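Number of protein chains: 2
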Amino acid sequence: MTMKENGLTFTTAARETLYEVIFNRRDVRGEFQSTPISDDILARLLIAAHHAPSVGFMQPWNFLVIRDDKTRHDIHALFKTANEEAAKMFESGKQSLYQSLKLEGLLTAPLHLCITCDRNRAGPVVLGRTHMTEMDLYSTVCAVQNLWLAARVENIGVGWVSIFHEEEVKKRLGIPEDIHLIAYLTIGHVSSFHQKPDLARKGWRKRLNLNELVMETEWERQADLSLTTSINEELARLMPDSEEESNLDE
Amino acid sequence: MTMKENGLTFTTAARETLYEVIFNRRDVRGEFQSTPISDDILARLLIAAHHAPSVGFMQPWNFLVIRDDKTRHDIHALFKTANEEAAKMFESGKQSLYQSLKLEGLLTAPLHLCITCDRNRAGPVVLGRTHMTEMDLYSTVCAVQNLWLAARVENIGVGWVSIFHEEEVKKRLGIPEDIHLIAYLTIGHVSSFHQKPDLARKGWRKRLNLNELVMETEWERQADLSLTTSINEELARLMPDSEEESNLDE
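These protein sequence lines map, in sequence, to chains A and B. Numbering-wise, the working numbering puts 164 at position 164 of the first sequence, and it's gapless, one number per residue. Heads up, the working numbering is the position in the second sequence plus 250, with the first residue counted as 1.
Honestly, the hints are just simulated from the structure, not real lab data.
In silico DSSO-like pairs for lysine-lysine, Cα to Cα no more than 30 Å straight-line:
| no. | chain 1 | residue 1 | chain 2 | residue 2 |
| --- | --- | --- | --- | --- |
| 1 | A | K102 | A | K171 |
| 2 | A | K206 | A | K88 |
| 3 | B | K320 | B | K352 |
| 4 | A | K206 | B | K420 |
| 5 | A | K171 | A | K70 |
| 6 | A | K170 | B | K456 |
Rough simulated footprint, nothing fancy, chain B against chain A, three-plus residues with beta-carbon under 8 Å:
| no. | segment |
| --- | --- |
| 7 | 56–69 |
| 8 | 143–153 |
| 9 | 173–187 |
| 10 | 216–229 |
Treat the numbers as computed from the prediction; the structure is a model and nothing was measured. Just so it is clear, CB atoms sit at the ideal spot from N, CA and C, and this is done for glycine as well.
Based on the sequences and whatever the hints tell you, model everything.
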């Protein structure tokens, strides 16, 4: 990498590293180890999150770190109740598969992180939020994704837990009503990272064909053949095993 | 990096690369060049986005690529009208600064990308979306952030444009009513990447002190001193100029 007047230029090697991080990031539930996360690692994860883009440079996020046993157990109890409600919502054919899935690592992960959005941080009128009002919520999600990728390159696992009543979690943590809970993450060292997402491995859903999701110029108009070909070629180059893996799921 | 049975282990060098990408990512408006983005670069950006996490492995996103002049000009016209409405919403003291800011590169960027969310992709009941119903919208934002970081490491600029009426943009692009527009991005090679966000450089808002955004165990309880110290130390190590830069803004 070279720092020039026109900004840092990244090398091909840096590029390959970033793609490896992106492809190897997993939503971890079953592989957490109890070893605490050191403060220097946690600091870097928070710094990565804080350098996400934000609408109107609003930086609407807060980071609530939870490491004590009592709170972790209480949040786990809220998950458990909600997960029983969730299971009942699926058709009977999918209920037993749903119930067999490990959907959280709240008790095993030594660290929880609740990431919130304060929509009032920059006053009532925010540059870039005047018309698309959800932009500040989305900025906070960008912070989550920055943190998730940073964790992966630190060889740390992250799981995003979303099966509970948001209001109950907020109440337990003392989060004010006007603050939005965006993400509740479990974070920890892991015994392993799987090559594929849990839900693909377990046959819940498979990875979709990217080319079927890309359109050009207007909705439902197929992308140019040259782009479609490039997608196939780059996929084959970057992820030589991906097709084979997805067939194994079927 | 070594691939072992328990997954890829990233090195310290990979870690430093990822943080450099995160810290050097910018929201680009004024520096786009007209050189087209090659299909292989675009393919890699889309592959990065498609490998974002998604609730219930739903992959609810679509990618609408826009490269033709007519559409780019039409979207620019929608921005222009909305931006005049937006300017009037700010207090008179901030209006002239607002109007002096370059908030989009719609005509100069050779490529636009509209990223949408199809909330019906996996049927009415989605694993992980049963209680926090916005999770699929957030998954799509994770795809945006993956793409944004991939673009930066490819030395490609991205700007997220949010100043227009969502319904007007959807209508112009033929996007069905039940599909959510999440992000409208401008993408292109750039003459330079600034070291700091535009809105910081122009004195709109400054970067907040991360330590004031971190809490522990419950809302408004300060983080432990050891974490606070680690944040300061890691910030000083990873971004030695950051404090100085933020003082220049004042």
